[in-house]
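Q: For this one, chain A is given, so just place chains B and C on it according to the hints.
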Amino acid sequence: MADTVNQDAATPAVGVAFADAVERIRRSSEYVVIPLLALIAAGLLFSIFLLALGHSPITFFSLLWRGGFGTEFSWQNTLVRAAPLILTALCVAIPARLGLTIIGGEGALVLGGFSAAVIAIPLVTASAPNYIVLPIMLVVATGVGAFWIGLVGMLRHYRGINETIASLLMSYIAIAIMNFFVEGALRDPGNPNKPSTLPIGDANMIGNVPGLGVHWGLPAGIVVAVALWVLMNRTTFGFAARVTGGNVRAARAQGLPVGKLMVTACAIAGACAGLAGFFEVAAIQGKANASLAAGYGFTGILVAFLARQNPIAIVPVAIFLGGIAAAGGLIQRRMGMPDATVQVLQGLMFVVLLVSETLYGRFAFFRPRGDKR
Amino acid sequence: MSAFTVSRRTLLKSAAIGSLGLTTGLLTRGSAQAAGDLTIGIIYVGSRDDFGWNQAHAVAAKALAAVPGVKVVEEENVPETIAVAKTMESMIELDGANLIFATSFGYYAPFMVDTAKKYPDVQFRHAAPLWKDGDPKNAGSYFGYLDQAHYIDGVAAGLSTKSNKLGFVAAKPISSVLSNINSFTLGARKVNPNATVQVIFTGDWSLPVREAEATNALIDAGCDVITCHVDSPKTVIQNAEAKGAKTCGHNASQAALAPKGFITGAEYKWETIYKQYADTLAKGGELPNFISGGYDVDFVQNTPYGAGATPEAIAAADAAKADLRAKKAYYVGPLKDNTGKEVIAAGVEHAPYDPWIDNINFLVEGVVGSIT
Amino acid sequence: MNETDIGAYGVPLAMLAGAIRVSTPFLFVSLGECLTEKSGRINLGLEGTLVFGAMSGYAISYLTGSPWLGVLAAGISGCFFGAIHGYICKLPKVNDIAIGIAMMLFGTGLAFFFGKPFIQPQAPHLPSISLGFWSDLPQVQSALSINPLFLVGIVLAVFMWWAFKNTRWGLIIRMTGDSAPAALAMGYSVDWVRFLATTVGGFFAGVGGAFLSLYYPGAWSEGLSSGQGLMAVALVIFARWNPLACFGAALLFGAAGALGPALQSVGITQGYYFFNAAPYLLTLFIMIASVSPKRSLKGAPGELSITK
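Chains as they are written, first to last, in the working numbering: chain A, 223 to 595; chain B, 1436 to 1807; chain C, 436 to 743.
This is chain A alone, in the form it adopts within the complex (with noise of 0.2 Å):
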């Protein structure tokens, strides 16, 4: 407001930077304008699918902010949702940057929390204090994550195997692998009716934000969403892996390493996988077990696309879509609609968001000034 006022009477430097602001604003607006209205216009589709069937979209999209957000309560179920949603997306967010499509998060996420709980059982058999336990159980499950993934990384860079399809298939192997130790030599012989390993015990919980209802993961994937935007936006190893994502063969000619820049950002995205399978170990689940693949690899795919991968926005999505997610129970049982009904939703916005980046720089109003296309 300051400015407004300012502007005729103050000097014409002033006026000038005033205009650069304005000019950046507008023209950084459209990676907020552009998706905004991609998900309008999903909710439209979304409307006219729902009145073709009969259903009232009114209605859905009341229950949908009641069940996400209207009360406190649903504040709660939303951000519960999120948390893993967060670090899965940036395990998405962070290679792409470089041009890598990971898909794979899921198995990331389900070896480091595997990992965690087996290194947890020696330390508590031994009764080693909490401050022990919790450290290494992380330190394992971002170095599993980190390794896996980075594995991928590796396979694309030495052995030129797409990055997409391997991180697939080691989704499923990882899966396989839990599963195999879980029934097999790592069975907790306590829990007879669903193999799991053994409990890490109340005392390693980690437990909930006080005064929150929602468990350590959420601020922590906030963090490390912060932290990494900074490492992408403001290092020189993240300038170093855009321009890499750009163009790899002007990456190659500029000298930068671009195999290890790839193998890092992949260890990077892995490590923030496994992080979120330490979360679902230390403050959910207590132990592993095959509910360890519940699908967050997979939503946050959808997550960090949404956010154009970029790490700050994928809190708020992840929040957006954690709200959907936490919404379906109301609307299954208040509409009486199939628990799929969310998972239309979700590919219809995905669909429509990804049509829309066809819209950059076809606006006149977010072009630079003089640029008369």
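Treat the hints loosely; a few may be bogus.
[Unchecked claim] With a straight-line cut-off of 27 Å between C-alpha atoms, the simulated BS3-like cross-links for lysine-lysine are:
id, chain 1, residue 1, chain 2, residue 2
1, C, K525, B, K1506
2, B, K1762, B, K1625
3, C, K525, B, K1497
4, B, K1497, B, K1597
5, B, K1704, C, K551
6, B, K1625, B, K1597
7, B, K1776, B, K1567
8, B, K1718, B, K1567
[Said to hold, decoys possible] Below, a sample of chain B positions facing chain A; criterion: calculated Cβ distance under 7 Å:
id, residue
9, V1508
10, I1517
11, T1522
12, T1707
Because the hints were derived from the structure by calculation, they are not lab data.
Note that the structure is predicted; figures quoted are calculated from it, not measured.
Just so it is clear, CB atoms sit at the ideal spot from N, CA and C, and this is done for glycine as well.
A: Just chains B and C now, kept in the frame of chain A:
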């Protein structure tokens, strides 16, 4: 709200009812909730019409919804993660549920236990024998001993087979599955000592292609009666029928899927338990923390005999049912497991409901297959 | 001893039988994917197409009483999904891999949404043809009880292999896939060729889905596919974009799927989780063994994003 008759267990905060009445009025075409109603939330891990575990509960839920004054809210495909805790809370907070049935094994700890601690005025019941002293008093377990019905399956199958080879498609080698395989085998060998039961584990609860492959592998190995313990037995029963094998069902009625070869099937009868609960609450009584039972209390049943059951099989199975109603033991020593190790000494027997049965970790003699 | 008991010989026979039973969906999806990829585009959404095809095929068969109409409906719905993918990819700046993932989510979501009322009913099945009449062994007879779609798949594979080499259309598709500028220079619309290839590829994947629900395992359920459509994408790489090799690879993947149950039926019970994961491991190892950063995969279309 003044007409709200408060019984101790159906107690709800009137504020919650108030806001609930408002939202239901707004959102569900004006079907405002009558005061004093019992709202029951039922949570399924899979699809409600899977011809199996979930359907067995859904059938009972339907019967329950027909009871005057009972409103049932259901949610399906809820995974065994924090999602189920949130579904329970959502049913309580947004639908005003005062009794929750959590029907999948992995829902219990930590999810149901934690939610029960958080909502001491709401009743929670879980469909597996897991509740123990020290767990929240407003939580509890109910369970049907389906192995008894599998024993009847085995008796009928043992006298309906020609090749003396029976096949069992199983999901995972866990106790409840193993005890069903064992009961089936004991039943079959009781009436037909030459019978063997071959087991194939698929590795997960719902893998249609692999279940079909396992069925084919068993039939190719000479089995002429097939039964199973997977979430949705439809695939197994259908493929066995198509190949001309006889079948025994599991969890819910699959008789319609096998008009030619269906013998009988092991079914839960959750309706008995659910109606008891609703009845108790309506009278203002307290729900028991732990109930379990089998044939003697009508918690399990067998599907009416199909075309695959021979007359001798029907006679023997009916006799065996009478024995079970009298709580006669069928885990009777001397009994060896299928590696030759003695698991029950001569003169010892484990009657139905002996906790020994809940922790079975072997396959009895006569089973071809291994749990490792 | 029973005279039809063939002991351990049962394993290879069971695997062959399993391969024939299980391979058809793999075959159809991989042929569809092969066609699309030959034109220079990848469609990861075929998993969604497969699942939707399974649902719509089952629903139409149930509603009309004709399983073949179900197959047709599955194919047409597959066309529809393929066409959406093909159209969206024509737009500038759109990533075909991402669209594929989105279509997978959308397709399975729609299939589950509309499929609810069809989980319970029983739809008429596709018939099978007995080619094992010459043998007395019931195992052989059952192994050779074959669905016509399997035969159609073989014919289609041979035809595509021949057509890629010997027809004008085959040439156009290969050229579009190898070098878009060359195709443009010849006056062909790259977008249009790819659109058609994706649409027809979707048709095949839809038919593959109908096989799942209408023949084997033979019922619509939400866990029906468990990732077979995704695996078929890997299978095409494995088969080096050769339709005949796709057939072989589909049989191999089918046999790998049958391995677990078959080994258990002769008493080998250890580690069935790894037998179950065998196809994934196999594909990964073959990719590791046969690809190097210096030369891209032999037979790979030059324009394909996943081989660049």
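Q: State for each hint whether it applies.
A: Okay, the hints, checked on the actual structure:
In summary, the hint linking K525 (chain C) to K1506 (chain B) is not supported, as the alpha carbons are separated by about 52 Å, beyond the 27 Å threshold. A C-alpha spacing of about 17 Å is found between K1762 (chain B) and K1625 (chain B), which places the hinted pair at or below 27 Å, so the restraint holds. Between the alpha carbons of K525 (chain C) and K1497 (chain B) the distance comes to roughly 50 Å, so the proposed pair goes past 27 Å and is violated. Pair hint K1497 (chain B) plus K1597 (chain B) does not hold up; C-alpha atoms about 40 Å apart against a cutoff of 27 Å.
In summary, the hint linking K1704 (chain B) to K551 (chain C) is supported, as the alpha carbons are separated by about 24 Å, within the 27 Å threshold. Our distance criterion of 27 Å between C-alpha atoms is met by K1625 (chain B) and K1597 (chain B), whose separation comes to about 16 Å. Proposed proximity of K1776 (chain B) and K1567 (chain B) is contradicted: the alpha carbons are some 31 Å apart, above 27 Å. Pair hint K1718 (chain B) plus K1567 (chain B) holds up; C-alpha atoms about 26 Å apart against a cutoff of 27 Å.
Hint status for V1508 (chain B): holds, given a least beta-carbon distance of 5 Å to chain A, under 7 Å. Hint on I1517 (chain B) holds. Least Cβ distance to chain A is approximately 5 Å, under the 7 Å limit. Given hint, T1522 (chain B) at the interface with chain A, holds; its Cβ is 5 Å from that chain's nearest Cβ, closer than 7 Å. The criterion of a C-beta within 7 Å of any C-beta in chain A is not met by T1707 (chain B), whose closest approach is roughly 22 Å, and the hint is violated.
In summary, the structure is inconsistent with hints 1, 3, 4, 7 and 12 from the numbered list given earlier, while agreeing with the others.
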